[in-house]
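Student: Given next are the chains, with one letter for each unit.
There are 4 protein chains.
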Amino acid sequence: MSGWLWFKDRFSSSEIHNHAFSKILRSFNTNYQEIQLIDSISFGKMLLIDGDVQSSLFDEYIYHESLVLPGLMSCSCSPTKVFLCGGGEGATLREILRCKTLESVIKCDIDQEAIQMYMEELPEWHQGSFFDPRVTLIHMDARKLLEEQEDQSFDAIYTDLTEPVNGGPSQMLYSKEFFSICKSKLNPNGFLVAQGSLLRINTFEMHASIIKTMKEVFPIVRSYAVYVPSFDTTWGFAFASLEADPLAFDAQEINLRIQKRLSGKLRYYDGIAHQHIFSLGKDLREKLNSSGSIITDHLPFSLKKKSDL
Amino acid sequence: MSGWLWFKDRFSSSEIHNHAFSKILRSFNTNYQEIQLIDSISFGKMLLIDGDVQSSLFDEYIYHESLVLPGLMSCSCSPTKVFLCGGGEGATLREILRCKTLESVIKCDIDQEAIQMYMEELPEWHQGSFFDPRVTLIHMDARKLLEEQEDQSFDAIYTDLTEPVNGGPSQMLYSKEFFSICKSKLNPNGFLVAQGSLLRINTFEMHASIIKTMKEVFPIVRSYAVYVPSFDTTWGFAFASLEADPLAFDAQEINLRIQKRLSGKLRYYDGIAHQHIFSLGKDLREKLNSSGSIITDHLPFSLKKKSDL
Amino acid sequence: MSGWLWFKDRFSSSEIHNHAFSKILRSFNTNYQEIQLIDSISFGKMLLIDGDVQSSLFDEYIYHESLVLPGLMSCSCSPTKVFLCGGGEGATLREILRCKTLESVIKCDIDQEAIQMYMEELPEWHQGSFFDPRVTLIHMDARKLLEEQEDQSFDAIYTDLTEPVNGGPSQMLYSKEFFSICKSKLNPNGFLVAQGSLLRINTFEMHASIIKTMKEVFPIVRSYAVYVPSFDTTWGFAFASLEADPLAFDAQEINLRIQKRLSGKLRYYDGIAHQHIFSLGKDLREKLNSSGSIITDHLPFSLKKKSDL
Amino acid sequence: MSGWLWFKDRFSSSEIHNHAFSKILRSFNTNYQEIQLIDSISFGKMLLIDGDVQSSLFDEYIYHESLVLPGLMSCSCSPTKVFLCGGGEGATLREILRCKTLESVIKCDIDQEAIQMYMEELPEWHQGSFFDPRVTLIHMDARKLLEEQEDQSFDAIYTDLTEPVNGGPSQMLYSKEFFSICKSKLNPNGFLVAQGSLLRINTFEMHASIIKTMKEVFPIVRSYAVYVPSFDTTWGFAFASLEADPLAFDAQEINLRIQKRLSGKLRYYDGIAHQHIFSLGKDLREKLNSSGSIITDHLPFSLKKKSDL
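Chains as they are written, first to last, in my numbering: chain Y, 1 to 309; chain C, 1 to 309; chain A, 1 to 309; chain L, 1 to 309.
Please note that the accuracy of each hint is not assured.
Note that the list lumps identical chains together, so a pair holds whenever it fits in one copy or between two copies.
Said to hold, decoys possible - Here are the simulated DSS-like cross-link-like pairs (lysine-lysine), alpha carbons at most 30 Å apart as the crow flies:
#1 100 with 282
#2 304 with 8
#3 23 with 305
#4 81 with 282
#5 304 with 100
#6 8 with 23
#7 8 with 305
#8 282 with 260
#9 144 with 183
#10 260 with 287
What the hints contain is simulated information worked out from the structure, not anything from laboratory work.
Take the sequences, apply the hints, and build the full model.
Tutor: See below:
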């Protein structure tokens, strides 16, 4: 079992996490990104986009349940129509499809070549969700498609995107203007959840800016975070809504709603986990209150590419 | 600023985390361990014992507040007498000294040479706590000293020890026999908190065994965990008592008790953080319920040395 | 261009050389070995067997010309019949085929699956040599095949083998018994050249033993070495014969013989390079004189596997 | 013995060589450079300047004998007066002092703080040579001092300098103007030897430029190179003179001259080693003939800092 092939996950010029892997299952460049699917020894299949871990077989459920389920529990009526920006691997879709009341979900991901590969190579992630009759798959810029949904409104919008590196395909999906489009397409009972970048006391700037920007647009905005072992860090999410508030429920109520609204067995998320992910440490809460800048189309947030760290 | 000197934190043969550092401030072997104090670029001063990160200037408060404070909040009467096993750097002591009712604390660490260095080099950690009049410093095997406390009983016992590597100085301080000694030295209102090893869904065996072993001795046992950036992982703690239960209080009650019982400004811990650290994900709770073996003096738990990974 | 995938070439537990690569072109296990063909950024295609660099597109000519050509120049009559043990990639064969007087060469490599891949993926190495009419390809244990060559004798025998790791397929091709078989199959004018393991002042034990063992069998034995950049080290070769001596010629004579005996353009080897590779430093010559043990079938030399370093 | 502290020797963004070390013996910044003396596990004490290995206890003799001795053998009369630019550690001086006819040597190194440390920490290198009565130590810019040697001329000038990184202290000691100053201070029988940067088929540009520049000034210019294990590469040197030519002698003549001209026991260098280091491979000789640019004060050669690779 090898031991001589390694993926270097660069967090900064002074922090590099090394993961041994035995194989590269797929490796190619699409029009938008450089993709590798490696077989890591510690975490199994691991999807890399531009050198950044997207998710790993071992613990993708932690990320994907945390991204999708707290929102579904927090609105007063269980959603029927959902719009998903990105969400390549199909696991976010898989979690959305748990929603018993769901009638339709549009999944829009710009990178069709990548999606094709995920369909073939990541069955453990998508579990057939790409082919569910409630799903419409579209490959184009998600912001553009959302704007074009003229007479439509949604109960939930999710963004499951790569980080906003300079010139990357997702850079324009973190701005005040984009969040305003989201708001205009949401029902009053609806909510938006965005993947929210690294969130830990030493790396919170991007997350703080997402939150600050959302607060310009939505009355209710909540940060939450979960530790993902294959990321070697806690990861942030941002919830925004007009009315719904995930902090309004205790563990018991969440467990009741899970039973009513979701199908299938959950692995990470339940009432106690809900309490966990929405209660950050005092240090981080203080930092988030005092940090961040408003992201606009003209002043987008740009993270360095992994290869430039 | 250098960039060519690195500390390799080995998690396993397939997981290595690299931290750049600019200097080794101190490096020596004591009778018990090999110690380096490095100046890491990301986390400032970082204390290594036998290649394992003990704590870092940047985020030691997360670890030390989490180790000490939840216990102090959970018992019905605020403690007056405390026994601390290990706790080298002096920061655990610093947190214990926040307790307004505290009358005396015995800190017993086997490695006097190490302590001498911490006194000199880690003022940000101990903040003078070694020299507080309430403190008695003793350098010998903590288990032996605890046994010898014939007519004494304590409101709190803390173990802040290195991991139980084979033949290491702390291996005999994780067993059922040791926890029984602790119990015999605790007041009915008292509690024990042990540092509880790595705790995450891919590494929980040691923690599960500590918990399982404690349950042989104490009626109330609770796991909790906190993410420490310079460890690149969530870290576990184990709480055990006869009566006191940290799960019995909501955030508001914790905040009230903090105000009554503690002095000084906290950085990480408060009512919300309390809820966070005691609410683990569903996956981890299930694993902890079904894993672990009972640790005894004859069948001690032995982690591999970092240098053997 | 990636930058996050790395091959770790382990020289020892305290020496690791990291090569970035962009792709794994092929990766599979045969009955005998684990093979990867990676596209390294610094050296182009790089063949790894069991974690050990075999050769790289950028500088394979240095290794292969040095292995093959000095022998061809050193015997009094240019060879007509050659036996090659191993030599997987086909580049050793390519160099042998330069010999204008060559009538036949038997290339015997145990690992047919590997050879099949080299035929497909390493055209720059073999340049069609596998298909030259003078070549007979056989896939079995080379020692066995050589023994079976009852009424045959050869002008040259080459061994181009992996290192003798414990239980590996080439371990029995470095012993006194094997070298005696070689001798019995050589014409009086003939010679044997063996790839001779790492050769540098800090790693010479294996080479010293090969040389010492050859001296038990052959009257003339010579060490030589060449620096191969993608190996990050000088590499050794061992020449043995009954009469021929590569030290007997000056640069001019070598250049004349090259012109007479070889076809095609050489890249590394000529008269001056010949002088270079046969003249080791004083330190290394002294070490080789005083080190090494005789390798026998019963006491074979075993290098640690790369993955065990 | 540790195993978790590593020095990363960056050759390029795709080549990093890792050396484990157990201790940093000294670490400080002078006015000119950042210096670390580490205790590497494979090579013993290892001196780093700005992240670049200068020399290691295990094999410094290879570098230093190769730098100094071939020149001393090549001139018709054994030198009496020598000028040394740089040569911090004192080992170059040690080799110069072997010369039986030597009457005086000026050693000029800009970094007095560094020299002070070498005196204390590197006795194995200098072996007291700093304190030999024939030696004059001066701390200033060596080029300036050489220019000021009005009525002086030398039999040998050596430059043993750090690489010419941008703005570094040695950048102006590789130019045509500097070499012209050297020529004007040399006796007709004299020679100049410069440390000549990395020299291997994948990294030869700096060396080629030194050689090309010297050829603008001197009629006889020779490249030579030696493999230094702790550098993980062959290293180049450049010899220049008006008359003397190291290629004019065979191994026997070199051995005779060694006996006549040098005192003490040599470890690496002798007649055979002399032949070795002056005979480069065909590939490298061709590259050096067709590469390089003339270095002038206005167009100096600038290597990237190790920390910027």
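Student: Now tell me, hint by hint, if it's right for this structure.
Tutor: Hint-by-hint comparison with the structure:
With identical chains, the CA atoms of residue 100 and residue 282 are at most 30 Å apart between copies only, with a shortest distance of 22 Å across copies and 36 Å within one. In the homo-oligomer, the alpha carbons of residue 304 and residue 8 lie at most 30 Å apart both inside one protomer (16 Å) and across protomers (23 Å), since each shortest distance falls under that limit. In the homo-oligomer, the alpha carbons of residue 23 and residue 305 lie at most 30 Å apart both inside one protomer (24 Å) and across protomers (19 Å), since each shortest distance falls under that limit. For the identical chains of this complex, residue 81 and residue 282 are inter-copy neighbours only, at 28 Å across copies versus 36 Å inside a copy, given an alpha-carbon limit of 30 Å.
Proximity of residue 304 to residue 100 under the C-alpha cut-off of 30 Å is found in neither arrangement, the shortest distances being 40 Å within a copy and 47 Å between copies. Within a single copy, residue 8 and residue 23 get their C-alpha atoms as close as 15 Å, and across copies as close as 14 Å, so both meet the 30 Å cut-off. In this homomeric assembly, residue 8 and residue 305 come within 30 Å of each other (Cα to Cα) both inside a single copy, at 14 Å, and across copies, at 22 Å. Proximity of residue 282 to residue 260 under the C-alpha cut-off of 30 Å is restricted to the inter-copy arrangement: shortest distance 18 Å between copies versus 33 Å within a copy.
In this assembly of identical chains, the alpha carbons of residue 144 and residue 183 lie at most 30 Å apart only when taken from the same copy (15 Å versus 65 Å across copies). Only between protomers do residue 260 and residue 287 lie at most 30 Å apart by alpha-carbon distance; the minimum there is 26 Å, versus 37 Å within a single protomer.
Hint compliance for this structure: hint 5 alone is broken.
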